[in-house]
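For the protein sequence lines, the chains are A and B, in the order given.
According to our numbering, the residues represented by the first sequence are 1 to 506, in order.
According to our numbering, the residues represented by the second sequence are 1 to 506, in order.
Derived from the structure by calculation, the hints contain no laboratory data.
Heads up, some of the hints might be wrong.
Same chains, same label: a pair holds when it works inside one copy or across any pair of copies.
[To be verified] In silico lysine to aspartate or glutamate, EDC-like type, Cα no more than 20 Å apart, as pairs:
1. K71 / E376
2. K330 / E440
3. K153 / D170
4. K309 / E248
5. K275 / E23
6. K71 / D110
7. K309 / E23
8. K309 / D108
9. K330 / D18
10. K254 / E284
11. K436 / E425
12. K153 / D196
13. K330 / E16
14. K254 / D196
15. K147 / D196
16. K330 / E14
17. K10 / E248
18. K10 / D36
19. K330 / E9
The model shown is predicted, which means the values in this text are computed figures rather than measured ones.
2 protein chains.
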Amino acid sequence: MGDSIAALEKPLSEIETDFQAFEIPTQPRFVSDYTDEIMQNLVAHSVHTAAPSFIGHMTSALPYFVLPLSKMMVGLNQNLVKIETSKAFTPLERQVLGMMHHLIYDQDTDFYQSWMHSANHSLGAFCSGGTVANITALWIARNQLLKADGEFKGVSREGSLKALRHYGYDDLAILVSERGHYSLGKAVDLLGIGRDNIISIPTDNNNKVDVAKMRQAALELARKNIKVLAIVGVAGTTETGNVDPLTELAALAKELNCHFHVDAAWGGASLLSNKYRHLLAGIELADSVTIDAHKQMYVPMGAGMVLFKDPEFAHAIAHHAEYILRRGSKDLGSQTLEGSRPGMAMLVHACLQIIGRDGYEILINNSLEKARYFAEQIKAHEDFELVTEPELCLLTYRYVPARVQAAMQLACEQVDTVKLARFNELLDGLTQFIQKHQREQGKSFVSRTRIQPARYFRQATVVFRVVLANPLTSHDILNQVLVEQSEIAALDNEFLPALMAMIALK
Amino acid sequence: MGDSIAALEKPLSEIETDFQAFEIPTQPRFVSDYTDEIMQNLVAHSVHTAAPSFIGHMTSALPYFVLPLSKMMVGLNQNLVKIETSKAFTPLERQVLGMMHHLIYDQDTDFYQSWMHSANHSLGAFCSGGTVANITALWIARNQLLKADGEFKGVSREGSLKALRHYGYDDLAILVSERGHYSLGKAVDLLGIGRDNIISIPTDNNNKVDVAKMRQAALELARKNIKVLAIVGVAGTTETGNVDPLTELAALAKELNCHFHVDAAWGGASLLSNKYRHLLAGIELADSVTIDAHKQMYVPMGAGMVLFKDPEFAHAIAHHAEYILRRGSKDLGSQTLEGSRPGMAMLVHACLQIIGRDGYEILINNSLEKARYFAEQIKAHEDFELVTEPELCLLTYRYVPARVQAAMQLACEQVDTVKLARFNELLDGLTQFIQKHQREQGKSFVSRTRIQPARYFRQATVVFRVVLANPLTSHDILNQVLVEQSEIAALDNEFLPALMAMIALK
Numbered sequence: 001m002g003d004s005i006a007a008l009e010k011p012l013s014e015i016e017t018d019f020q021a022f023e024i025p026t027q028p029r030f031v032s033d034y035t036d037e038i039m040q041n042l043v044a045h046s047v048h049t050a051a052p053s054f055i056g057h058m059t060s061a062l063p064y065f066v067l068p069l070s071k072m073m074v075g076l077n078q079n080l081v082k083i084e085t086s087k088a089f090t091p092l093e094r095q096v097l098g099m100m101h102h103l104i105y106d107q108d109t110d111f112y113q114s115w116m117h118s119a120n121h122s123l124g125a126f127c128s129g130g131t132v133a134n135i136t137a138l139w140i141a142r143n144q145l146l147k148a149d150g151e152f153k154g155v156s157r158e159g160s161l162k163a164l165r166h167y168g169y170d171d172l173a174i175l176v177s178e179r180g181h182y183s184l185g186k187a188v189d190l191l192g193i194g195r196d197n198i199i200s201i202p203t204d205n206n207n208k209v210d211v212a213k214m215r216q217a218a219l220e221l222a223r224k225n226i227k228v229l230a231i232v233g234v235a236g237t238t239e240t241g242n243v244d245p246l247t248e249l250a251a252l253a254k255e256l257n258c259h260f261h262v263d264a265a266w267g268g269a270s271l272l273s274n275k276y277r278h279l280l281a282g283i284e285l286a287d288s289v290t291i292d293a294h295k296q297m298y299v300p301m302g303a304g305m306v307l308f309k310d311p312e313f314a315h316a317i318a319h320h321a322e323y324i325l326r327r328g329s330k331d332l333g334s335q336t337l338e339g340s341r342p343g344m345a346m347l348v349h350a351c352l353q354i355i356g357r358d359g360y361e362i363l364i365n366n367s368l369e370k371a372r373y374f375a376e377q378i379k380a381h382e383d384f385e386l387v388t389e390p391e392l393c394l395l396t397y398r399y400v401p402a403r404v405q406a407a408m409q410l411a412c413e414q415v416d417t418v419k420l421a422r423f424n425e426l427l428d429g430l431t432q433f434i435q436k437h438q439r440e441q442g443k444s445f446v447s448r449t450r451i452q453p454a455r456y457f458r459q460a461t462v463v464f465r466v467v468l469a470n471p472l473t474s475h476d477i478l479n480q481v482l483v484e485q486s487e488i489a490a491l492d493n494e495f496l497p498a499l500m501a502m503i504a505l506k
Numbered sequence: 001m002g003d004s005i006a007a008l009e010k011p012l013s014e015i016e017t018d019f020q021a022f023e024i025p026t027q028p029r030f031v032s033d034y035t036d037e038i039m040q041n042l043v044a045h046s047v048h049t050a051a052p053s054f055i056g057h058m059t060s061a062l063p064y065f066v067l068p069l070s071k072m073m074v075g076l077n078q079n080l081v082k083i084e085t086s087k088a089f090t091p092l093e094r095q096v097l098g099m100m101h102h103l104i105y106d107q108d109t110d111f112y113q114s115w116m117h118s119a120n121h122s123l124g125a126f127c128s129g130g131t132v133a134n135i136t137a138l139w140i141a142r143n144q145l146l147k148a149d150g151e152f153k154g155v156s157r158e159g160s161l162k163a164l165r166h167y168g169y170d171d172l173a174i175l176v177s178e179r180g181h182y183s184l185g186k187a188v189d190l191l192g193i194g195r196d197n198i199i200s201i202p203t204d205n206n207n208k209v210d211v212a213k214m215r216q217a218a219l220e221l222a223r224k225n226i227k228v229l230a231i232v233g234v235a236g237t238t239e240t241g242n243v244d245p246l247t248e249l250a251a252l253a254k255e256l257n258c259h260f261h262v263d264a265a266w267g268g269a270s271l272l273s274n275k276y277r278h279l280l281a282g283i284e285l286a287d288s289v290t291i292d293a294h295k296q297m298y299v300p301m302g303a304g305m306v307l308f309k310d311p312e313f314a315h316a317i318a319h320h321a322e323y324i325l326r327r328g329s330k331d332l333g334s335q336t337l338e339g340s341r342p343g344m345a346m347l348v349h350a351c352l353q354i355i356g357r358d359g360y361e362i363l364i365n366n367s368l369e370k371a372r373y374f375a376e377q378i379k380a381h382e383d384f385e386l387v388t389e390p391e392l393c394l395l396t397y398r399y400v401p402a403r404v405q406a407a408m409q410l411a412c413e414q415v416d417t418v419k420l421a422r423f424n425e426l427l428d429g430l431t432q433f434i435q436k437h438q439r440e441q442g443k444s445f446v447s448r449t450r451i452q453p454a455r456y457f458r459q460a461t462v463v464f465r466v467v468l469a470n471p472l473t474s475h476d477i478l479n480q481v482l483v484e485q486s487e488i489a490a491l492d493n494e495f496l497p498a499l500m501a502m503i504a505l506k
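Using the sequences plus the hints, can you model the full thing?
In C-alpha cells:
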C-alpha cells in the first residue's frame with residue numbers, strides 16, 4: 001500500500017458485494033486460499049492507519065516490535081479474568097496499572113508496595129477502551145455516592161429508584177464541558193441517570209470549560225435538589241484537543257463534595273513528556289483518570305485503562321462468584337466491568353519498557369511541536385484559516401480564500417451574523433467537498449468535524465481536524481496536504497463560485 | 001512447555017517479585033533484551049491454556065492459522081468504531097454478525113439482503129466479550145420498555161426514576177435461573193435496576209430452570225407492581241453446562257410481554273453441530289442471544305457477540321456525534337456499548353470460512369462425545385462420583401471413596417441431612433486439596449466450583465468442573481486425570497482419614 005491511505009478507492013457499496021454471503025460455508029477451506037482472498041477484498045480495502053499522511057484520527061502508527069509480541073500474546077490466549085487462566089499476566093497487568101498510576105499520581109514507594117499487588121485493592125482497571133473506562137469510573141462513583149446506609153442496601157443492590165428515595169435526591173447530574181466525549185452520554189444512559197442529566201457547560205474561547213458557569217449550574221441543580229454525582233474534566237477534547245482547567249475543576253469538585261473524573265483517553269499520554277506534562281497540571285487531583293494506550297502510546301487497538309487515586313475505590317463494584325473470583329483471590333475480574341479479557345496489558349508493558357520515558361519524551365514532544373509547525377504554516381498561508389490552535393497535537397482549520405477571509409473579518413466587526421452565517425454555510429460545503437475528495441484521492445486523510453468558534457459568534461462551523469502522532473509524518477507531508485487541499489478547492493464549482501459571487505455583491 | 005499446563009509451578013508471590021517496579025523505566029531497551037526477559041518471567045509463568053490436559057476452563061485451544069492472521073489484524077490496526085478507520089472491516093463484521101444471526105434465526109435471503117448492510121439496522125453487536133454482550137442486550141431491552149411516550153422523553157434521556165414514575169412501575173426485575181452468569185448481576189447493577197431485582201429461580205434436578213416457579217415469581221412481582229423487564233434463558237450454564245427449556249421460556253416471555261434474552265456465551269457454538277443443535281431448541285425464539293466466539297469457536301480471547309432477532313432492536317441505544325457516527329452512516333459505533341474497537345471480527349470470519357460447518361461439526365461432536373465418554377469412566381470408577389451429567393461438553397464430579405459413597409447413600413435414604421452435611425464438609429476439603437495439588441503438579445488442570453445437587457438436598461457441594469473443547473484431549477489423558485486424582489487423594493492426611501473415621505464410627 002506504500003504511503004497512501006488506501007490501496008485504491010472503491011465505494012463501500014462495491015466492497016459490500018464481497019461480504020454478502022450470510023450462510024456459514026459448509027466446506028472447510030485451505031488457509032492459503034482464504035488468505036489470498038482477504039488480501040484482495042479486505043486488506044487492500046482497509047485503511048492505512050499507519051500511513052504518515054493519515055493524520056485525521058487518533059488511531060496511531062505502531063512500532064514494529066508490537067507485531068511479533070501481539071502474535072505471542074494471542075497465541076498464549078490468557079484470560080485475565082482470573083489467575084487460573086493468566087498466572088503471571090495478572091501481576092504484569094497490575095504492574096502496568098501501577099506504572100500508569102505513578103505517572104499520574106506520583107505516590108511513594110510504600111504506596112505501591114502496599115497496594116499494587118494487593119488482593120483487595122486496585123490501582124485501576126484495564127479494559128477494551130476509553131468508553132468502558134469512563135463507564136467504569138462513573139459506575140463506581142454512583143455506587144459510592146448511593147452506598148449502603150442503615151437499612152438501605154445500596155444502589156448496587158436496590159437500584160436507582162430506591163437509592164434516590166433513600167438519599168432524598170430528585171435526580172443525579174454530571175457536569176462536563178460541551179466538548180465532552182459522547183461516551184459520557186452512553187455512560188449516563190446505561191447507568192439510568194439519563195442523558196438529559198449530563199449538564200453541558202459552555203467553553204471559553206479556547207474550548208476549555210468555563211468553571212464559573214459550571215459552578216453556577218451546580219447551584220441551580222442544588223436548588224432543584226439534584227445531586228451532582230461527578231464533574232468530568234476533559235484532558236484533550238476529541239474535537240479540538242484542549243485541556244480543561246483541571247486544578248480549578250478539582251477545587252469545585254471539593255466544594256460540591258462530588259467525584260472528579262478526568263477523561264484523558266487521548267491526552268493522557270502527554271504526561272509521558274516532562275517538557276509538556278504541565279499542560280495537564282491538576283490531573284493528579286482527579287479521583288479517577290481514563291487513558292487509552294491505543295491512542296498516543298503506540299499500542300494496538302483494545303488497550304484502555306482507568307486509574308483510581310484511592311486503591312479502595314473499586315470496592316463499590318466488587319463482585320464474586322463461586323467458580324471464579326473467590327473472595328481474597330487476586331483475580332482481576334472481581335473489580336472490572338468486563339469478564340473474560342485478553343492479555344493486552346502485555347503490549348502496554350512492552351511499549352513502556354522498550355520505548356521508555358526517554359523514547360516517549362521524543363515521540364510526544366515531536367508530535368506537539370509538529371502541530372505547532374503545521375499551525376504556523378496554516379496561518380502563513382493566505383487561503384487557510386486556523387480555527388483552533390494546537391494545545392496538545394490536535395488542531396482544526398479550514399480553507400477560506402483570502403478575499404473571503406477579509407470579507408468575513410468585516411462582517412465580524414459589524415456583527416453581521418446573517419452574512420457570516422451565509423459565508424459559513426458555503427464554507428461548510430466547501431470544507432466537506434475538499435475533505436471527501438482528499439480522502440477519495442487516497443494520498444492523505446484529514447478528518448472533519450463541526451465546532452462553534454467564538455470568533456463567529458458560536459455559529460456551527462465545519463473544519464478539518466488533524467491529529468499529529470505518527471513520527472513519520474514530515475513537514476513536507478504537512479505542506480503537501482495544504483497544496484492538495486488548495487488544488488481540490490479549485491475543482492469545486494458550487495461553493496467557491498457562490499462565495500466569490502457573495503464578495504462581488506458587496 | 002510441552003503438554004504440561006505450566007512450565008513450572010511458582011507461587012504467585014514469587015512471580016510478583018518480577019513485577020514490583022512502579023516507575024516507567026527511563027531508558028529505552030533493546031527488543032531482544034525485553035523479549036528474553038519476558039520469556040522467563042512472563043511466558044514461562046503463563047498458563048498453557050492450549051494444553052490437552054488443561055480441561056478446567058472455557059478458554060479454548062487455537063488453530064494455528066489464527067496466529068499469523070491475528071498479527072496481520074493487529075498490524076492493520078483498524079478501528080471498527082467507524083468506516084473512516086476500518087473501511088472493508090465494517091462490511092466484514094456485518095457479515096460475521098449476519099452469519100451468526102442466520103445460524104440462530106435462519107431467516108431468508110430477502111431478510112439478509114435487506115438488513116445485513118443497512119446503515120440504520122444491525123443484526124447484532126460485536127464486542128469484547130459475553131459480559132458486554134449481556135449488558136448490551138439488557139440495556140436495549142430496558143430502553144425499549146421505558147421508551148419515549150408523549151411528554152416523557154424515554155429512560156435514555158430522563159433516567160430511571162422518571163421512567164418508572166412515568167410508566168407507574170415500582171421497580172423492574174429480571175428473571176433468571178439460579179445458575180445464571182454473574183455478568184447479569186453486573187448488568188443490573190450498572191443499569192440501575194439493582195442486584196436484588198435479579199430474581200433467582202430454582203432449577204430442577206438437571207440444573208434447568210423451573211419454568212413453573214418462574215411463572216409464579218412473575219405473578220408475585222406483578223402483585224407488587226414490579227415489571228418484568230426480561231427473562232434470561234441460560235444455554236449452557238457456566239457451572240454445569242445445562243440448557244434451560246428455551247421454548248417454554250419463550251412462551252412465558254410472550255405471556256409476560258417482556259424481552260427474552262438467551263445467554264449462550266459458551267453453549268451457542270453447539271449450534272454449529274447439526275447433530276446436537278437440537279439441544280438448544282427454542283433459541284430461535286429469543287429476542288437477543290449472546291455468543292462468545294472465544295469460547296468454543298476456537299477464536300482468540302476478545303470476540304463476543306450479541307445477536308438481535310429484530311434488526312431495529314438497537315435503535316433504542318443509537319447515538320450520534322459530530323465528528324463521528326453521523327446519522328445515516330454505516331459506522332458501527334453508533335449502536336454499540338464500546339467505542340473504539342479492534343478488527344477481531346476478522347478472526348471469527350477466518351474460522352468460519354477455514355473450519356466451515358463441516359469442520360465445526362466434527363469439533364463440536366467430538367467435544368460432546370468426549371464428555372459422555374469421560375462421564376462413563378467416572379461412573380465406572382468406584383471412587384468417583386459424577387455429580388452432573390454432561391448435556392453439552394461440561395460435567396462436574398468429585399472423588400468419593402466407594403465406602404463413603406455407600407454410607408452417604410444410606411444417609412440419603414434416611415434423609416439424615418446432618419450426617420450428609422458432615423460428609424460433604426469433609427469431601428469439600430478433599431476436593432479442594434486434590435484440585436490444588438493437581439494444579440500445582442502442573443500435569444493437568446480441572447477447575448472447581450460449588451453447586452447444590454438435588455440428591456444431597458441442595459447442600460452446597462464442592463466439585464471438579466471439566467470443560468472438554470480441546471480436540472487434542474485424548475481418552476488416555478482423561479483416564480490419566482482420574483489416576484492422578486486418586487493418587488493425590490491418597491496423599492491427604494486430613495480429610496480422608498476423617499471420612500474413614502466417620503464410617504468406622506457408624
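Hints versus structure:
| no. | hint | in the structure |
| --- | --- | --- |
| 1 | K71 / E376 | neither (41 Å within a copy, 39 Å between copies) |
| 2 | K330 / E440 | between (50 Å within a copy, 17 Å between copies) |
| 3 | K153 / D170 | both (19 Å within a copy, 17 Å between copies) |
| 4 | K309 / E248 | within (18 Å within a copy, 49 Å between copies) |
| 5 | K275 / E23 | between (55 Å within a copy, 18 Å between copies) |
| 6 | K71 / D110 | neither (36 Å within a copy, 39 Å between copies) |
| 7 | K309 / E23 | between (49 Å within a copy, 16 Å between copies) |
| 8 | K309 / D108 | within (13 Å within a copy, 53 Å between copies) |
| 9 | K330 / D18 | between (46 Å within a copy, 16 Å between copies) |
| 10 | K254 / E284 | within (14 Å within a copy, 52 Å between copies) |
| 11 | K436 / E425 | within (17 Å within a copy, 70 Å between copies) |
| 12 | K153 / D196 | between (27 Å within a copy, 9 Å between copies) |
| 13 | K330 / E16 | between (46 Å within a copy, 11 Å between copies) |
| 14 | K254 / D196 | neither (24 Å within a copy, 32 Å between copies) |
| 15 | K147 / D196 | between (23 Å within a copy, 14 Å between copies) |
| 16 | K330 / E14 | between (50 Å within a copy, 14 Å between copies) |
| 17 | K10 / E248 | neither (49 Å within a copy, 48 Å between copies) |
| 18 | K10 / D36 | within (19 Å within a copy, 44 Å between copies) |
| 19 | K330 / E9 | between (50 Å within a copy, 17 Å between copies) |
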